[in-house]
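Asks: Protein sequence lines correspond, in order, to chains Z and D. Note that this note's numbering has the first sequence beginning at 1, numbered continuously upward. Note that this note's numbering has the second sequence beginning at 1, numbered continuously upward.
Calculated from the structure, these hints are not laboratory results. Hints may be right or wrong, so weigh each one.
Which residues of chain D face chain Z? A few of them, derived with a C-beta cut under 8 Å, are [said to hold, decoys possible]:
#, residue
1, R386
2, T468
3, G935
4, G937
In silico negatives: residues of chain D with every beta carbon more than 10 Å from chain Z [to be verified]:
#, residue
5, T142
6, R275
7, D387
8, Y436
9, H454
10, S455
11, G474
12, S562
13, P774
14, D965
15, L968
16, G969
17, L972
18, E991
19, R1008
20, C1107
Since we're looking at a predicted model, the values are computed, not measured. We treat Cβ as the ideally placed atom computed from N, Cα and C, and that holds for glycine.
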Amino acid sequence: MTRSPLTLAADPALADAMREVRAMLAACMQCGTCSASCPNAQSMDMTPRRMWRLVLLGRADTVFSSGAFWMCSNCYACTLRCPRGLPLTSAMNALKRIAGASGHPALARHGAFYRAFLDNVRRRGRVRETEMMMRYFGAAGPREALRFTPLGLRMLRRGKVRLELGAGRWDTALAPLFESAARLEGKEARP
Amino acid sequence: MKRKHYAALVVGAGIAGIRSALDLAESGLKVALIDRRPNIGGVLAQLDHQFPTDACGMCKMLPLTSRDSSSQFCMRKGLFHKNIDILLHTELAALEGDPGKFRASLRQRSTFVDATRCISCGECARVCPVHVPNEFDSGLSTRGAIYLPVPHAIPNHYVVDLDRCTRCWSCFEACPTDAIDFKYAERKDFRVVAALPDAAARTDLGAWLADQNFPLVLAEDGAAALRALEEERTALLLLDLAVADVDPEKVMRRGLELYPDLDVILVAGPGDQDRAEALIQAGARQWLARPLERTVVRWLDHHYIRTVSDVTHELEVGAVVLACGFDCYDPAQAGQLWGRGVVPGVVTALEFERMCSGTGPTGGRLVRPDGRPARNLAWLQCVGSRDPARGADYCSGICCMFAIKEARLARQADPEAQATIFAMDVRTYGKDFQRYRDEAESRDGVRFVRTRIHSIEPDPEADGVPITWMDDDGTLRREVFDLAVLATGARPPEGSDRLAEAAGIALDANGFAAAPPLQPARTSRLGVYAAGAFNEPRDIAESVIQAGAAALNAARTFKVHSPPREEQAAPAPEYRDVTREAPRMLVVLCDSCPTLRTRVDMPSLAARLGGLSSVVRVECVQGACSAPGWQAVGALAEELRPNRILIGACMPYAYVPRLRELGAQIGLDPAFMDVADIYTPTFPGTATPGTALETEVYTALAMAAVKLAGAEPSPVLGRLPVTPRALVVGGGLAGMTAAMALADMGHDVCLSEKAPRLGGMAAAHHTLLGGGDPRRVMEDLAEQVMRHPNIKVFTQSRIMLSMGRAGRFMTALATAEGPAITVEHGATIIATGGREVVPDSYGYRVHKTVLRQSELEARLADGSLDTGALGGVAMIQCVESREEPRNYCSRVCCAAALKNALTLKERNRDLPVYVFYRDIMSYGFSERFYTEARGRGVLFIRYSPADKPRVSFGQDHRPTIAAFDPVLGRELRVTVDLLALSVGLEPGDNEDLAEVFSLPTGPDGFFREAESKWRPVEFLRQGIFVCGVAHSPRNMSETIASAEAAAQKAARILAHKDVVGGRVTAQVRHSLCSLCGRCVSACAYGARRIDLERGRVEIDELLCQGCGSCAAVCPNSAGVLTGFKDEQVLSVIDAALAEPTQPTEATP
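Please build the complete structure, drawing on both the sequences and the hints.
Replies: See below:
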């Protein structure tokens, strides 16, 4: 088994956070209902079932070196269908939160797109695809930009990508929402 | 009202209820058996096939000794036993008093069809305009509001479903025998007073009720209502709360004062509903909303019919057995999750069983909803089970096996069928289940897929039922099936909360009856016992065992608590000897039913019968089945003193007890009486009136007449005096439980144990899953056994020799000190238990870091294991189990692993515990502990028998276990401090004992019972019973249940002075017998043997069940069967062919 260079066990805050996730999933019996229900399972590099298994086995490194949980779109299909009634969507979000909060670049790698998306929403009140992708490439590096170039060119040819610059009418429309969330998070003051 | 006395009341006439009732009845106790359904048989009435035989086999429960006291025909058709009174359509309403003398109130709902008149001709159902789903076919066909609940019962009467009846009176008019009774004439005695201040409402009500035949008094105010109440007896008061002049409460109180059983129905508007509710507390029946609608007529009609037709029975009973079974989970409760109602072709398991049935809606063919044959079938396990999100944190325990059975049935019905079973664990935990499953896989090609199907989603494109699942390796798969069968789990029966309240018992969190630990048949109330699946979902065999245990407890309660009652033994009837007389036959024809009278010329029929040589008189009576009709038959017999009586009537089965009574009355052996069915040929649609029909009826009678003419008196019944003592072999939990049970019932018991101490395997337990102190229980039990005055214990003893048969065995015991002892006993119980397997694999006996689960349990219990210092514990399940040569599940090992894993986690929360398993067998309510173990962080890793975990040991003897994890798709290696092996149970040394008692053993060395489902604790050899682990691996609670069931079976023999055989038995004409031995191998009951010393075939008349196989195979006609001699059979054939129908009038 390949082990990532991260030594997660050395980080007590992360270990605590992972223990919470483990507690959420403990009763899992690997029946596979979540994975067969997940509409995004095709885009994940491991199935939710396998990811839960790894969480339970304490293999946080493998979990975070995968980006599967970032693909969760919060549709709650798995949570509704889980025969054990486990809060699977919350567990997905918890993993996102842990990865985001840790600040560790390796942990946060797969979160770049997610953050670029949210950042764009916060500033523009909606998603401006071109701008969002620019920022994403800025964070993820030139190799990622190169990877997307053929797709970008194809989309440009078909008129699917527009360059929108300057202020838009929805800018800052959602800002209070984000501020309020930040306030709440600040209050909660996670360890 | 004078209360009827019974030793026990059995609630629920399914398989467990019938078993309990029969067990009690056979030991001579009177039993009342009730069921809320209009038929007996429970869910089994709908099931044609049970594994492993894929047939029914319910009749195998019928008594084998004293068998003339009960019915001897298909038990799904009906049951009769002289000690059992059956009340159908009846529920327990209240249970008061104490054990030994409970007062039970039973409410019997009327079926509105007079059973003494209904001849089941079906005219009523033909004209009924109502079509509703038929419960018997699980809704796959329809029925009318008047219908036959099951098509096969005998006698089978139509019943009215009052809630569905539109009261069109069509059936009433169509019924040829006036059997349907809606109490029309009696309505004139049901006076209704309606106090309605609103004039329009009064006018409406008057008009609506005009043709309802009720005497109706309309009162405009309270004063008028009071006057009306006082002037004449009133049955129902319809009281509007808006009457102004007198307080309605006063009117109501006065009414109830005058007539205590007056029904007060209030009419309330939105403003005074609270008042109405309050008045209901004060005695009103219910309230209706103002203004009254026309539907009040229908309501009143139903209310009236129920009130006057339903009856309440008051019984005094010694004990109560609740055998209310379970309901199948209705997948519609989860909405469209499983595609019910949106995806055609999704059926429940019960619906599938009906489809497999030859009498089912598809006649046994498997078809898709579009009519094409269904070839590709899927079974979805755990629908409504193992689903805490839907309120079922338990395994239903039966669905895996019925799914495998159904998959095999599908294959039988259509050899091209492909069956797939989707399951998380395949729980083949019962005796021989694993081999049945292996056979399904290897021989029938049933495919098992490890997954749980979460839902079935509609797809208009798909040609069938689309099912999507995720494979172990993470690929999403999709297949379209012709039929998807939902293996629906067991839920508590509907209304179990009401029943629990009526019976005063507690229910557990799942809604089943709560049972105290290690007292499987008990409920929370003393004297009330639970049988069958009512306290935990169970399969047939376990339900039958549980029913036996409940019966034993009921019998014991009756024995201990009931005041002694004068037992009047009915004197044996004396019959006069008519063998030397020429046959003088009285023929009585029942001609009350118009179907016969209008279609057959009775005088000419009588004249033709009179021409038969043995017939001296032919008479017609009205309604032989009714009391006056039967008296007329009796009077004729008294007057004529015939030596043969033939009755032409309907439903001959119903006459068996009456013939016996008549025989006692006129001193004629019932062997000289018979009833011939002359009605079935006359049913509309079966024949046209005329000579052909008349001949058919005549032939039926003539055949019976010639058979009777050649009849012989019943042989003197085989009787063997019973030695009132039981021998129990084995002093473990099973043996001691059985011994205590028998001793408490007042029987002598000899208990033989080969070890120096009592206790056996169970004494080694320290803890129990779910709590309890097994050591205490075992020590207490051993002490009670040692001190019981009726029990004689022989430790360090061995059985050397045994001979004899049910009622009287002679057995020689060798003891440690002194000479051998000879014990004379009437019944034998084998409870020799088994032992834990000592494995050779995984480094056991080499490294001390490897333990068996029992050793881990002991070390956890005595504190020698420091759980805090452990770095990890691994467990491997199914070690040397569930594969040849021990190809069976031992049931207890998964529970032991869960128990130890939970203890470890309790002591050290962070201790990693790994369980390597094949299928976790946490069947029934133990599923809860599996959920709990998972929840506490125990890691479960599945392995397949082809790729077992590999264990290696380091320098420090620490084991490292490597196994392929199917979820991760790669190998997992864990290094731990301790490795616990879950080894199974194996039988003790049963060979010697099997030889001494001539008992069969199965492929695994456990004793082979008479029949795996219906006679699980009996042997084919009568008088010997088996229980506990000697029968098959089982946990302590199950062992106790089986021991009590075996004890009940033994008590059934010991309770009587004699063992009595049956009337119809085989005999041998030794002069014709050539000793070829064919009859010996043909006998299914082992009743025949060749006595080499005397050179002849001997028959054990107690074992012989009168099936006639021997007579059929005998090449020399040396085998004969009482009542079926060759001459008789030949003359019956002659009679059948004597008068062919005239060619001119032959039916086309």
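Asks: List, from low to high, the hint numbers that the structure doesn't satisfy.
Replies: Numbers 7, 9, 10, 11, 14, 15, 16 and 17, in rising order.
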